[in-house]
Every structure is written in C-alpha cells, then in structure tokens.
Amino acid sequence: MCLGIPGQIVAITDAARMMALADISGVRREVNVACVIEDDIAALIGAWVLIHVGFAMARIDEDEAAKTLRALHDLGEAQDELDAMAEGRRALEAQP
Amino acid sequence: MKHVTEFRDPVAARAVLSRIAETTEAIGATREKPLHIMEICGGHTHAIFRYGLDKLVHDGIEFIHGPGCPVCVLPMARVDECVEIAERPEVIMTTFGDAMRVPGTRKSLMQAKAAGADIRMVYSPLDALELARRNPGREVVFFGLGFETTTPSTALAIQQAAREGLANFSVFCNHITVPEPIRALLDDPHMVLDGFIGPGHVSMVIGTHAYDFIARDCGKPIVVAGFEPLDLLQALLMVLEQIRDGRAAVENQYARVVPEHGNPASLAAIADVYERRPSFEWRGLGEIDASGLRIRPAYAAFDAEEKFGIGYAAGPRSVPEPEGCACGQVMTGRIKPTACPQFGTGCTPEMPLGALMVSSEGACAAYWQYGGARAAEPA
Ligand code: SF4
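Listed in order, the protein sequences are those of chains A and B. Positions 0 to 95 (numbering that gives the first Met the number 0) are the ones given, in order, by the first sequence. Positions 0 to 378 (numbering that gives the first Met the number 0) are the ones given, in order, by the second sequence.
Okay, chain B solo, but in the shape it has when bound (with noise of 0.2 Å):
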C-alpha cells in the first residue's frame, strides 16, 4: 500500500480545512447527510487519495469520482477492435502505455502483444509519426484516445502527417469529450450531485465557458482547479462557499494555466480535424449522445476505420461487462469500490476485470493503492 505524501505547506492546507469545515458547517452538511461533490478529472481523483483529502476535509463533504479518466470508460469493444487491427500482420499499433492492460472481451493490447501483435508503447503521437516514417513499408496506426487534453495532439499529428503526404499513417480516434457526459449524469434522477471541481488541463484547451450550462441550467456550481493539493482544497472552499451563498456559477481558480476561451490553436486544430460523433459508447456509462469525436471526411487516409473498415457504425457495437462487475455503479458514484464483488479478489492492479482498476486515475485502482486494500481485507 501507498502512504499518504505530507502537505508541502501546511500552515497554509491547515487554513484552508478550518474554513471548509466552518462553511459545510454553515450549510448543515453531516456525515449522514454529507454534500455530494464530484470531482470530474481522473488526476484529481489520484490527488485526493494520494493526499488524504477525502479524510482531511469535514466528515459532510463525499467526493464522488467522476468519468474523467479516459482509459477507465474506454468500452470493450473499442478494445477488441484495437485488437483486431493490430493483429493485422503489416500494422505496428503504437499506444500510450495506459491503454495496455484495459481488458477486451478476447485480449488487452498487452496480452495481444504477448502473442505477436507489433504493438508498441509511445510518449506521443509524434513517435508514431517518426515511425511511420522510418517504416514506409508498414501501417502505423496510432491508438487515440484521452479527452481534450490529448485530442489536439492526434489532430496536430494528422495535419502534419496530411502535410507530408505520409500516406502509411492513421489514428484510431477514440477521443471524448468532459461536457456531454457530465450533462448525462445531471439528467440522470438517481444522481444527487452537489457541486463539480472541474478539470484543469481539459479546461486550458477548451476554457471555462464549456460548463455554463451546469451553472445555468442545472444550477449546480462548478469551479476549476489545478492539481496540488492546495488548489482542490480552495476549489473546493469555492464551491462550497457558492452553495452557502446560494450561487451557482462556473468559477476558475486556476487561472494561472486555464485562460477563459482556452488555447485557441488546440481549439483550430481539433475543429479542422474532427467532428462529433451521433454518440459514443462509455464503459459503464453506456451511449451519450454527442460525446465523442471522430476524423472528418477530409482527413479520411487517416482515419484507421476507414482504412481498415472496423467502423464504430458498423456491426453491433455495445458487448456487456464481465459478470459480477460494478464499473458503471462506481463511476456514478453509487457505490464505493470496496462494494463492488470483484475489489481484491478478482479484480486487482495486477489483474483487472474492469478498467478502473487499470489507471492510477481510476477510483479503484486508487482505493487498493492508498488504504482500500485493507478494507479488502478479511477482518
């Protein structure tokens, strides 16, 4: 088990706990009945079990682990099919290191590596270029996935590969977007939720205006935040000093790093590049309308569907999630990891079932890292 890492200030930390513990106070949040806070950005989650937020904050604040970790809600059948092409004997399938160990219904990427496939574990997408380059003979497929943060990435990849006239080079797009999903879980009636600490590095590229509508149609309040320590501790005093007040608003206390309107060449780059998909599929999560992205026509040589024709469109897509396993309920936050069946027994670190248990960013993997583990544990 991971130990919890010591505040790097404090004094400081120890300032902003008494006036989160006085606020929630203010607001008559208890243990029994706590405020539902759901923090959306996988890193985030990894931060606040690293720390031991979730224990240092007063005992009315819940943190709900929200669907921001990217190879976490990556379905089954996006896997398969990641699979499937890399099993072609003239591609070599480049991916982030993440994406290895997420199980399929047949094999991970991993494990069909172990048997053949030239899959290979790359930084960036420029690694993928450079090795399509050094291999003209050979399909390089990149493995796209990760929501705005990396979706400028893959597409500033495509513009130059397009430049080049790199014509043995394609990405398998899986990239999604942090708005829609957060959207579905608000119209869903069995989610009680409270206010929403907001991905930072999301928000450097698409800026803070992509969340109006939380504060204003939902009327939750949403503020984004870095990711020390300090940061989601004084985002969430924000939030919760909104709920006091009665306010809903989307605030942004990392300004340091997120601008307003975001980063407008990433913004150029992704709109040139890809268009919404009708829905995509989210592990756990099932289909959200308008919530992934996919290669417009105009960069189709490029687009590995199109190449090798395993279309999200084509064929029954959804596959179910192995037998007794809770991803879905713990995503949504109503159920703790420890709940699920499979934690610890068979689902672990070493041996995932279900893509939580995958990532560092996953709420399960972070339960059995920092503490859950004893709780898995026969008393």
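Isolated chain A (complex conformation) (with noise of 0.2 Å):
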C-alpha cells in the first residue's frame, strides 16, 4: 500500500475525471492521474508513473521504473500489488 507500482500510461479513459489505462506489469488498469498533469493530459500517453493505490503519484523515467519494479519484486510487494488490484475488481463482483 505504501511502496507503489510503476506502470506506463497507455490510454486516456476520461478526460473529464482524470482517469487513464496504466500498463503495469503486463496488468491493466484505470487509474486517476490528476496529480501527474502537467498542462495537456494527453501527453501523459507513454509516460511512466509511480501508482499508489490506483493514483499516479509521481512521473519517472523508464529506468527508473525498471529499478522500482526490480526492487519490489525482491520485496515480494510486486505480486502482492498485483493481486491486491485482482482482489480489487472481485470485490466489484462479490455479491454478499
């Protein structure tokens, strides 16, 4: 929850609410980027992001987002992202 994911943007979903697709390791999912604008949200297309809880946080350069990632997976916080975000979309589902 507090060590982040970085992902790339590959889409913008909703201008108007901020919300872009973030490819993050090989997963897709929305996630708001109003802390990451700089001027034009479509420039964000292609940009790496560090994503924390589904916001993107901060923008880094790919090496960057290559050291992060490598970091997280040796912290074992990678698949745990992961799957939080799986465990995530069945909570959309789950019907008590």
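No lab work stands behind these hints, which were simulated from the structure alone. Predicted model, so just to flag it, every value in this text is computed and none were measured. We put the beta carbon where it would ideally sit given N, CA and C, even for glycine. Treat each hint with caution, since some may be false.
Covered by chain B, according to a simulated footprint, are these stretches of chain A (three or more residues, beta-carbon under 8 Å) [what the hints assert, rightly or not]:
id, segment
1, 19–25
2, 31–40
3, 46–56
4, 61–75
Hints given; two lone chains; assemble the complex.
What follows is the structure in structure tokens.
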C-alpha cells in the first residue's frame, strides 16, 4: 500500500475525471492521473508513473521504473500489488 | 523463514558499506556504544530486513524501526469503530487488505467478515467509488488509512464523489502524518536518536521542508531515501557524514522522485478536503498533537464519522493494549521485538496479538520472517 508500483500510461479513458489506462507489469488498470498532469492530459500517453492505490503520484523515467520494479520484486511487493488489484476487481462483483 | 536477497550490484554495495564502516569508525561508534539511526518508513524497515542491511553495516550502527507503518499504529479503538460501522446491514465496508487482520478489542475486520459483515478488500478508493455507483441502495464506506502517500487518494476520491453527487459514499478517515510523531519522539527524553532516514514516498507528496525542524530545532540529520538497498545505504552514509562533520541538515538522496516542495496537486487536494484534528491516538505511542486528519465540514456528507455518529470525540477513546504486549516499547526502539514476551508464542503473523506482527512493514513481522523466528525458538 505504501510502496506503490510503476506503470506506463497507455490511453486516456476519461479526460474530465482525469482517468487513464495504465499498463502495470502486463496488467491493465484504470488509474487517476490528477497529480501528474502537467498541462495536457494527452501528453501523458507513454509516460511512466509511480502508482499508489490507483493514483499516479509521480512521473519517473523508464530506467527508474525498471529499477523500482526490480526492488519491488525482491521485496515480494510487486505480486502483492497485482494481487490487490485482482482482489479489487473481485470486490466489485462480489454479492454478499 | 524467508532468506535475505542478494544485491543486484554487489560491487557498488561493497564500496558504500566500506565507506559506512570508515565513517562509523571516524565517529568512534562501537557495538557497545552504537549510533541509533531511525528509519521512519515501514517500507524501509522491510527492505533493511529483506537485504539483511542491519547485519551488513558496521556494528556501530543500530537501526531503530520507526512508527511509519500505518496499520501498525492503528489503535484498537479505531478498528472497533470500523467493525461497528461494517456490521450495519446497509453498509459495504471497503478496505485495503493490510488492515484486515489488525486486532480490535472484539474482532478484526477479517473476523467480522467471517461473521457475516459485508467487508470487501479493494486495491483503491476508486474501487470503493465504483461500488457506490453500482450499489445505489447500499452505503459504501472506505476505511481511509495511511500516511501522506495515500491521503491524496482519498481526498481526490471524496472530491470526485462530491462532483458526482454520490450520496452513498463516505470515508472513515484515519489518515495520519509523519512529521508529528517524529517531533514527539524527539521531545521524549528517553529516546536517544542520532539521525533519521526519511521516507521516500511520503516525501514525494509533502516535499523535504516538512522535516526542517528536525535539523534546525533538534540538531539531528535526516536524509530522505528511496527503498532500493543501495538507496538506503547511500542515505545512511549521508547521515553518518553529517554526524562526523558536526552538521545537521535535511538532505535528499531520492531527488529523482522527491521534489523539494512535494506534489502541488496532491497537497491542494489534501488541503481542500482535510483539516488537522487537535490530536490523534497512535497504537503504542498514545495521543499525539495534530498528528491526524479529519474531513472538513464542507465535505461532511462524505464523512463516515458524521454519517454514522461514530466520532473520534464521542465517548471515551482509548482502549488498553492486550496483556503482555510490548508494541509501544518496540515501536519507540526501547526493546527489540524478540524481547517481547509474546513474540513467537502468543503473537505470530498467523495469529497477531499486536499490530507490528500484521504487516510485512511491521518490525515484529520483519524479525519473524527474516530470521527472528529462530531467536524465539528454545535453544
Ligand atoms: S511480538 Fe506482538 S505483542 Fe509483542 S511487540 Fe511485537 S506485535 Fe506487539
């Protein structure tokens, strides 16, 4: 939850809500990009960002993204993040 | 037991380790009279154990594991209140998975879920918003917790809910801040701390000036660090060089991610939605002035405390920690986890008694996972 995970923005899904699609270690998930828009939201396509609980919090370069991902793998946190995303998807469907 | 991970770049690590050793010698610190360096962030605690950094550095360095793991400092009273809200039939409680096993007085969220409460683990407050949109007949509550790294996410989610007029979404806000407990620790005459390794991702949001008081008023060095092992070692070396040179400053080892003034959009969202509580309770540390956030009256419609009448100010707050649990002493670095009478017997990651055993960022869980378990076994 605190370490976040790098992802690459691949598309803008809802400019008004500042939502974009990110590729996070091969998993695609909609994230909020309000904190990393510099001027034009479309300019984010292709950018690497550090994503915390579904929000892009910092722009990073590709090299930093790769290094961060390696460290997260070593810590066992990368899989935890991806598992949490899958859990979040299931939560939307779950009926009590 | 998990094994420590090898360095990806052992040559670079060896070079920094030997400079750390030289600098420690120059300061004159020894195993008997070590320097106490606190890593504030739970992610750093995890990385230190994962890479065995505590064993690799000169034995004149002792890491003190700080209060920077948000689930570890969540008081029982707040877990109890969260369970109480979750048990209402109309409520869907949503939470990060980390919070599920934190013990409360009656039960944890995990136990409440097993007993039938509709509690769902989500990855993001955005998932909670989506649940609210899809379930207009239910009350969706998000258990908002964490430091400044996650605070912007709930602030932005509340702003979005307000824009959409989502009347069935609220946040049970337990967000806390990093600088205030550090001030409290520095004010405690029993704490002997020589320097700090500052959190990376919290600082990405709040910038580095939030720590100016540590250097200016308390005369202690602090270096903000990334969480790769080399980042941590370099930051430690920067702290030691300050001590050796008789300096105290705020330095930034992680400038590639942490801007000096933080993230303006995040700070604006936090300021718009939240205000400081007069004080907030921390598990093991007690009430700390101005260390917690609450939702501003303008957003009261999205405040679960207001909605369900379970306010921080309502009724007696604090509930005592479980018998024999030494979380507070561990959290302030007074004792090692293995010195807690419950460690490995009454308290394990499977059946945690204290919150430091719940998350991989908690000092007790880290000790247990990376070798401490052995220490608890009978000789
Ligand atoms: S071993 Fe358990 S009870 Fe003892 S300090 Fe650690 S978390 Fe608390």
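Structure-based check of each hint:
1. 19–25: Since 0 is below three, the answer is violated.
2. 31–40: holds (count 5)
3. 46–56: holds (count 6)
4. 61–75: With 8 residues close enough to chain B, the hint holds.
This entry does not satisfy hint 1, going by the numbered hints stated previously; all others are met.
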